[in-house]
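Engineer: Sequence:
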Amino acid sequence: MPLTLEIISPEKLLVSKPVDMVVIPGTEGDLGILPGHSRLITSLRGGLVDLYENQKLTDRFFVTGGFAEVTEDRCSVLADSITKQSDLNPETAAQALKAAQDAYAEADFALPDSYRKASDALISAQAMLDSLPTRRADA
1 MPLTLEIISP EKLLVSKPVD MVVIPGTEGD LGILPGHSRL ITSLRGGLVD LYENQKLTDR
61 FFVTGGFAEV TEDRCSVLAD SITKQSDLNP ETAAQALKAA QDAYAEADFA LPDSYRKASD
121 ALISAQAMLD SLPTRRADA
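In this text, residue positions in the sequence shown follow our numbering: the first is 1, and each later residue adds one.
Wrong hints could be hidden among the right ones.
In silico BS3-like cross-links for lysine-lysine, where the CA-CA straight-line distance does not exceed 30 Å [what the hints assert, rightly or not]:
id, residue 1, residue 2
1, 56, 17
2, 12, 84
3, 12, 56
4, 84, 98
5, 98, 17
6, 12, 117
7, 98, 56
8, 56, 84
9, 12, 98
10, 117, 98
Between beta-carbon pairs, the in silico distance windows are [as the list claims (entries may be wrong)]:
id, residue 1, residue 2, range
11, 87, 126, 10 to 20 Å
12, 87, 110, 30 to 40 Å
13, 36, 95, 36 to 46 Å
14, 130, 105, 29 to 39 Å
15, 2, 103, 38 to 48 Å
16, 99, 30, 21 to 31 Å
17, 69, 134, 27 to 37 Å
18, 69, 114, 39 to 49 Å
19, 115, 92, 21 to 31 Å
Worth flagging that the hints you see were computed from the coordinates, not collected in a lab. Backbone N, C-alpha and C define an ideal beta-carbon position, used for all residues, glycine too.
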């Protein structure tokens with residue numbers, strides 16, 4: 001019995017389909033979600049959401065953060081923003097990392113909210129750069 005996956009951005013429902021497994025980037029580490037998984041709600045860090053169908057990786061999406069709700073038969077990913085991995089742009093990722101590094105350098109560490117926001121943005125920007133699809137040299 002498959003797991004129903006829903007990926008929702010602030011703008012719209014992006015994905016709603018059955019999958020064999022989904023791997024999500026939880027703040028405490030990646031989580032593999034299979035049918036029958038224990039119920040949980042977790043926050044997400046910047047990283048890839050991997051979809052598996054017929055025991056094969058079929059799609060990847062980059063999320064900047066958000067939340068996921070898991071039940072025994074459903075995984076709902078509520079993403080702050082989401083992009084198909086194949087649509088990630090190296091120049092945009094590099095610019096986002098530079099902006100996040102600058103913001104982190106200027107953050108007031110005496111204010112927990114300032115530090116947390118700057119740190120989260122830096123982690124997400126680095127994850128975006130790390131998530132760029134690899135290009136084959138002969139492609």
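Engineer: Taking the beta carbons of residue 2 and residue 103, is their distance inside 38 to 48 Å?
Structural biologist: holds (41 Å)
Engineer: Against the range 36 to 46 Å, how does the distance between the Cβ atoms of residue 36 and residue 95 compare: consistent or not?
Structural biologist: At roughly 42 Å between Cβ atoms, residue 95 and residue 36 fall inside 36 to 46 Å, so the hint holds.
Engineer: Can you tell me whether the CB distance of residue 87 to residue 110 sits inside 30 to 40 Å?
Structural biologist: Distance hint for residue 87, residue 110 holds at roughly 38 Å.
Engineer: Would the pair residue 12 and residue 117 pass a check requiring their Cα atoms to be no farther apart than 30 Å?
Structural biologist: holds (25 Å)
Engineer: Is it true that the CA of residue 12 sits at most 30 Å from the CA of residue 56?
Structural biologist: holds (26 Å)
Engineer: Evaluate the given range 10 to 20 Å for the C-beta pair formed by residue 87 and residue 126.
Structural biologist: holds (19 Å)
Engineer: A range of 21 to 31 Å was offered for this pair. Does it hold for the Cβ distance of residue 115 and residue 92?
Structural biologist: holds (25 Å)
Engineer: If you draw a straight line from the CA of residue 56 to the CA of residue 84, is it 30 Å or shorter?
Structural biologist: With Cα atoms ~17 Å apart, residue 56 and residue 84 stay inside 30 Å; holds.
Engineer: Look at the Cβ atoms of residue 130 and residue 105 and judge whether their distance stays inside 29 to 39 Å.
Structural biologist: About 20 Å separates the Cβ atoms of residue 130 and residue 105, which means 29 to 39 Å is violated.
Engineer: Do residue 69 and residue 134 keep their Cβ atoms within the hinted range of 27 to 37 Å?
Structural biologist: Between residue 69 and residue 134, where Cβ atoms are some 31 Å apart, the hint holds.
Engineer: Lying within 39 to 49 Å: is that true of the beta-carbon distance residue 69 to residue 114?
Structural biologist: violated (29 Å)
Engineer: Holds or violated: residue 117 and residue 98, Cα atoms, limit 30 Å.
Structural biologist: holds (15 Å)
Hint compliance for this structure: hints 5, 7, 14 and 18 are broken, all remaining hints hold.
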